[in-house]
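A.B. asks: Two chains, each in its own frame: build the complex with the hints.
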Amino acid sequence: MKTNKSIGRIILYILLIAASILMLIPFYWMVISSLKLNKDVFSIPMKWIPDAFHFENYQIIWKKLPLLDFFKNTTKLTVITTIIQLFTSCFAAYGFAKMKFAGRNLIFLIYVTTIAVPWQVYMVPQFTMMSRFGLTNSHLGLILLQSFSAFGVFLIRQFYISIPEELCEAARIDGLSEYGIFAKIVFPLGKSAMATLVIFTFVNVWNDFMGPLIYLDSTNLKTIQLGIRMFISQYGADYAWVMAASVCSLIPVVIIFIFCQRYFVEGVAASGIKG
Amino acid sequence: MTSKQKRKIKNNLVGYSFILPNLIGYTIFIFLPVCFSLILSVMEWDGSRNPMVFVGLENFKRLINDSTFRISFINTLKYAVFTVPITVVASLLLAVLLNKKIKGIAVFRTSFFFPYIASLVAVGAVWNMLFQPEYGPINNLLRAIGIANPPRWVVSTKWAMMAVIIVSIWKFMGYYMIVYLAALQGISPALYEAASIDGANGWRKLRYITIPLLTPTTFFVMMMLTIQCFKVFDLIYVMTGGGPGRSTNVLVNFIYNSAFVKFDFGYASAAAIVLFVIVLVVTLIQFKGEKKFVKYM
Numbered sequence: 001m002k003t004n005k006s007i008g009r010i011i012l013y014i015l016l017i018a019a020s021i022l023m024l025i026p027f028y029w030m031v032i033s034s035l036k037l038n039k040d041v042f043s044i045p046m047k048w049i050p051d052a053f054h055f056e057n058y059q060i061i062w063k064k065l066p067l068l069d070f071f072k073n074t075t076k077l078t079v080i081t082t083i084i085q086l087f088t089s090c091f092a093a094y095g096f097a098k099m100k101f102a103g104r105n106l107i108f109l110i111y112v113t114t115i116a117v118p119w120q121v122y123m124v125p126q127f128t129m130m131s132r133f134g135l136t137n138s139h140l141g142l143i144l145l146q147s148f149s150a151f152g153v154f155l156i157r158q159f160y161i162s163i164p165e166e167l168c169e170a171a172r173i174d175g176l177s178e179y180g181i182f183a184k185i186v187f188p189l190g191k192s193a194m195a196t197l198v199i200f201t202f203v204n205v206w207n208d209f210m211g212p213l214i215y216l217d218s219t220n221l222k223t224i225q226l227g228i229r230m231f232i233s234q235y236g237a238d239y240a241w242v243m244a245a246s247v248c249s250l251i252p253v254v255i256i257f258i259f260c261q262r263y264f265v266e267g268v269a270a271s272g273i274k275g
Numbered sequence: 001m002t003s004k005q006k007r008k009i010k011n012n013l014v015g016y017s018f019i020l021p022n023l024i025g026y027t028i029f030i031f032l033p034v035c036f037s038l039i040l041s042v043m044e045w046d047g048s049r050n051p052m053v054f055v056g057l058e059n060f061k062r063l064i065n066d067s068t069f070r071i072s073f074i075n076t077l078k079y080a081v082f083t084v085p086i087t088v089v090a091s092l093l094l095a096v097l098l099n100k101k102i103k104g105i106a107v108f109r110t111s112f113f114f115p116y117i118a119s120l121v122a123v124g125a126v127w128n129m130l131f132q133p134e135y136g137p138i139n140n141l142l143r144a145i146g147i148a149n150p151p152r153w154v155v156s157t158k159w160a161m162m163a164v165i166i167v168s169i170w171k172f173m174g175y176y177m178i179v180y181l182a183a184l185q186g187i188s189p190a191l192y193e194a195a196s197i198d199g200a201n202g203w204r205k206l207r208y209i210t211i212p213l214l215t216p217t218t219f220f221v222m223m224m225l226t227i228q229c230f231k232v233f234d235l236i237y238v239m240t241g242g243g244p245g246r247s248t249n250v251l252v253n254f255i256y257n258s259a260f261v262k263f264d265f266g267y268a269s270a271a272a273i274v275l276f277v278i279v280l281v282v283t284l285i286q287f288k289g290e291k292k293f294v295k296y297m
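Chains A and B are the protein sequences, given in the same order.
Quick note on UniProt numbering: the first sequence kicks off at 1 and runs consecutively.
Quick note on UniProt numbering: the second sequence kicks off at 1 and runs consecutively.
Next up, chain B with everything else stripped away, as it sits in the complex (with noise of 0.2 Å):
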C-alpha cells in the first residue's frame, strides 16, 4: 500500500469519526423510523407482540371508505385554505409597515414576533377563554357593536374552525414577516427612489415594486404554510380536542387517535403515508417554482 493510499484511508476514518455521533442517532432514531413507515402501512398491527400481519393495500382501501378520514382530510383542507392567503397578506403588510426608518422598531417587531414563540397550550388555553360564548370578551366586543347572537365559537360545530384559524393566523404571522422583512431588505432603494421622481405614491410603489419583487419569497411562505398547515395538532387538540362532534378533526388527530387511542398501528401509518405524499407534492412544487424564478429572475 502506498502512503498515499493510506493517507486517503486516514482521512476517511478522520471524517466519519466527525459524522458518526450524528449518524449513529439520527439513522436508529430517524431514518429507520421514515422506512419503517413505509413497510407499517402495509400491515396490520396492534403494537403488541402479536406479529404483523401484511395485508397489502388494505389500510388505504379501508381509508377512502372511511368517513372519520375523510372528514379530517377536509377539515385540514379548510384550515389550509383560510390560513395560507390570510397569513401571506397579514404578514406582508406587517413586513412593509415595518421596513421603514421609524423609532421603536425592535419594540414592534419584537410584539408582532412573541405570538411564534409562545408555547400553544398556554396561547390554546388564552384564546378559548377570550372565545368563551357568554362572558368571553370577543363576544361582549361583538354585542357592544351591535351583534345580538355573536358565534358560540370553539363550543359550535359551524365556527370551532374559524377560531382554530384565527388563533393560527395570530400566531404565524410574525414568523413569516420576518421571512419578508429580510426579503424586502434586498430590494433596492434606487428603485423606489426612481418610482418617487416619476411620482408613485405608496400604493403604486407596494402594487408595482414590492408585490412583484417579492413573489419568490410569497410562492415559499405559501409553500411554507400550507406543509405547516397539514402538520397541525396541538393548537386543535388543546383548543378543541378536535370536535365539538367531528368540527375540528385533522390528519395528524386522526393519525393520532388511530395508533394512540385505538391500537391501530398499521392504519395509522396509512394515513401518515397520505401526509406525507401531500407534503412531498408542495415540496416537489416548491422546487420546480424555485428553479423558474431562478431563470426569471
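Just chain A, same shape as in the assembly (with noise of 0.2 Å):
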C-alpha cells in the first residue's frame, strides 16, 4: 500500500514537471536567444545552451529605437490610469456600497450591465467621440477611456458590503462623517481588494496592445508593446535583438507577478467562484 502511494506521487511529479516546462519553454527560448547572436538564432543543431552569451544586445536594442522612451511611456500611463482607477473606484464602491440613495440601485444596475459589454464592440464610436474632443494621439485620451471601467467599482463594491454594517454605524453615532468613516474605517479595510484591482490594472494596462494601436500615432507617444512590434517589422530578421526588447518588456510584469501572485490567484478565483 505504501509502496502503491509513492510511486503514484512520483507520477505525479513527473506529470507535473513536464507540464511546467512545456509552459514555460516559450520563455526559456526567449531568454536563450536573446543571449545569442542574431545569425545563431536558428542554428542547427538547436543548442539549447548557447556557446558564448551575448550580454551586448541587451545594449544594442536601446540604441536601435527610443526604447527607454516608450517605457517611460508605457509608465506613466500604466501608473496614472491604476491611481485614478483605484480611488475612484473606492469612492464609488463605499456610495453603491454603504449609502442610501435616490437611484442608487439603477445606477448600479447599468453600471453592471456595461461589464459585460466588450469594449471592442463600442471602441469604434468611442474613438470617433474623443478625436472630436481632440484626445486622440494623447496619453490623455487613453488614461481617460481606460480609468473608469465598471468592473473596478464592481470589484471593490463587493468587498465594502461583506464589511459589516454595525462598524459604521457605531462610526456614525460617534459623529463620524460618511467622507470620515469612508478614509478612517473602510477604506483601510479595503486593502486585498484594492491590491487586486491595482494588479490586474496595471498588468491590463502595461499589456495592452489594442488600445495603444488605435490611438497612439506619433513615435514619442508608443507604448512599450507598440514598440516591440516596431522592432520586429524594423529588425524582423534580427531575431536576438527582437527577443531580447521582448525580455525587457516583460519584466515589470515579472517583477509584480512575483511578489503579489497571491492578489492574482485571489482575483482570478473570485471571478470565477460565483460561477
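In case anyone wonders, no lab produced these hints; they're calculated from the structure.
Even glycine gets a Cβ: it sits at the ideal position worked out from N, Cα and C.
Mixed in with the good hints there might be a few duds.
[As the list claims (entries may be wrong)] Coverage of chain A stretches by chain B, computed from C-beta distances (three or more under 8 Å per stretch; other residues unrestricted): (1) 59-72; (2) 126-133; (3) 143-150; (4) 159-172; (5) 182-189; (6) 239-246.
[Stated by the list, open to error] Residues from chain A that keep clear of chain B, each with C-beta distances beyond 12 Å, as calculated: (7) S33; (8) L37; (9) D51; (10) A52; (11) F53; (12) F55; (13) V79; (14) S89; (15) T113; (16) G175; (17) S177; (18) E178; (19) A195; (20) S218; (21) T219; (22) N220.
C.D. replies: Below you can see the structure in the form of C-alpha cells.
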C-alpha cells in the first residue's frame, strides 16, 4: 500500500514537471535566444545552452529604437490610470455599498450591465468621440478611456458589502461623517481588494496593445508593446534583438507577479467562484 | 421642510458625491460610446467632418453579402470551437493534478499561470519563432520524430489558425486552472474518503465525484472562454495579421479594418453590433444556466 502511494506520487511529480516545462519553454527560448548572435538563433543543430552569452544585445537594442521613451510612456500611462481607477472606484464603491440615495440601484444596474459589453463593441464610436474632443494621439485620451471601468467599482463594492454595517453605524453614532467613515474605517479595510484591482489594472494597461495601436500615432508617444512591434517590423531578421526587447518588456510584469502572486490568484478565484 | 426631509436630501447629496467622480468619467467614456455604437450602426460615416447619413439596416445587409465578413465570422467560430473545449479539459486536468498536498505546489502553479500575464506581443513574437517552418524548434522536433513535411504553421493558410489556437490554449489554461482550483477547494474531502472506503480508484473518483460536482464551474468557464474567443484580436494581429490571405481574419480584425483602415465607421459599428449580440446571447445562456444549477445543486 505504501509503495503504491509513493509510486503515485512520483508519477504525479513527473506529470507536473513535464507540464511546467511545456508551459515555460517559450520563455526559456526567448531568454537564450536573446543572448545569442542574431545569426545563431536558428542554428542547426539547435543549442539549448548557448556557447557564449552575448549580453551586449541588451545594450544594442536601446540604441536601435527609443525603447527607453517607450518604457517611460508605458510607465506613465500605467501609473496614472491605476491611481485614478483605484481612487474613483473605491469612492464610488462606498457610495454603492454603504449609502442610500435615490437612483442608487438603477445606476449600479447600468454599471453591472456594461461590464458584459466588450470594449471591442464600442471602441469605434468611442474613438470618433475622442477624436472630436481632440484626445486621440495623446496620453490623456488613453488614460481617460481606461480609468473608469465598471469592473473596478464592482470588485471593490463586493468587498465593501462584506464589511459589517454595525461598524459604520457605530462610527456614525460617534459623530463621524460619511467621508470620515470612508477614510478612517472602510478604505483601510479594503487593502486586499485594492491590491487585486491595482495589480489587474497595472498588468492590463502595461500589456494593452489594441488601445495604443488605435490611439497613438506619433513615435514619441508610443508604448512598449507598440515598440516591440516596431522592432519586429524594422529588425525582423535580427531575432536575438527582438527577443532581448521582448524580455525587457516582460520584466516589470514578472516582478509584480512574483511579489503579488497571492492577489492574482485571489482575483481570478473571486471572478470564478460565483459560477 | 422638516428636518427629516433635510437629512434625506443631505444624505442623497453625500451619496452622489461619492459616486460622482467615477460616474462622470464612466458616463462620458463608456456609457455614451456604448449607446452611440447602436446609433452609428445604422449610419454611413467616414469619421470626418462630413455629416452622418441615416441608412437604416443597409450596413447589416451589406455585412450578409460581404464575403470577408462571412469568412471572419466562420474563422472566429472555428477558433472558438477548438479553443474552448481543449482549454476546458486542459485546465481541469491541471487543477486536479495541482489539488494535492505536495511540496513545490506554488512553483508549479506559478509556471502554469505565468503565460496568462505575459504580454501578447512578446508571446506572439516568440511563438512565431518557435513555429518558424524551416528552422524553428517545433518543426525540427517534428522532423526528428519522423514527420518529413511538417506543417508550415503561420505562413500556411491551412495551419495558421491551428498555430493561433495552440498559443491561445497555452495562454488561457493557467487562468481557468485557478478558477477550477478555487472550485475544487469547495468539494468536501469526506466524499473522497467515502469513495476510497468503497474501493474507488483515482479515475473513478474523478469521473463520479470531481467532474459532476464541477459542472457549474465548467459551464461558467465555457461561457467565459467563448466570450474571450469572440473578442480575440491582439494575438492574431501579432502572429499572422489575419493572414495568410484571409485565413485567420476574425471578427475584431474585421471591425478594426473597417474602421481604422477603411474609415467606414458605420459599417464597422454594424459588425460590432453583431459581436455584441453574440456576447449577449452567451451571457443570457449563462444567466439561465446559473439559475438552473442553483436549483439542482
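A.B. asks: Please name the hints from earlier in the document that this structure breaks, with their numbers sorted from lowest to highest.
C.D. replies: Numbers 1, 4, 5, 7, 14, 15, 17, 18, in rising order.
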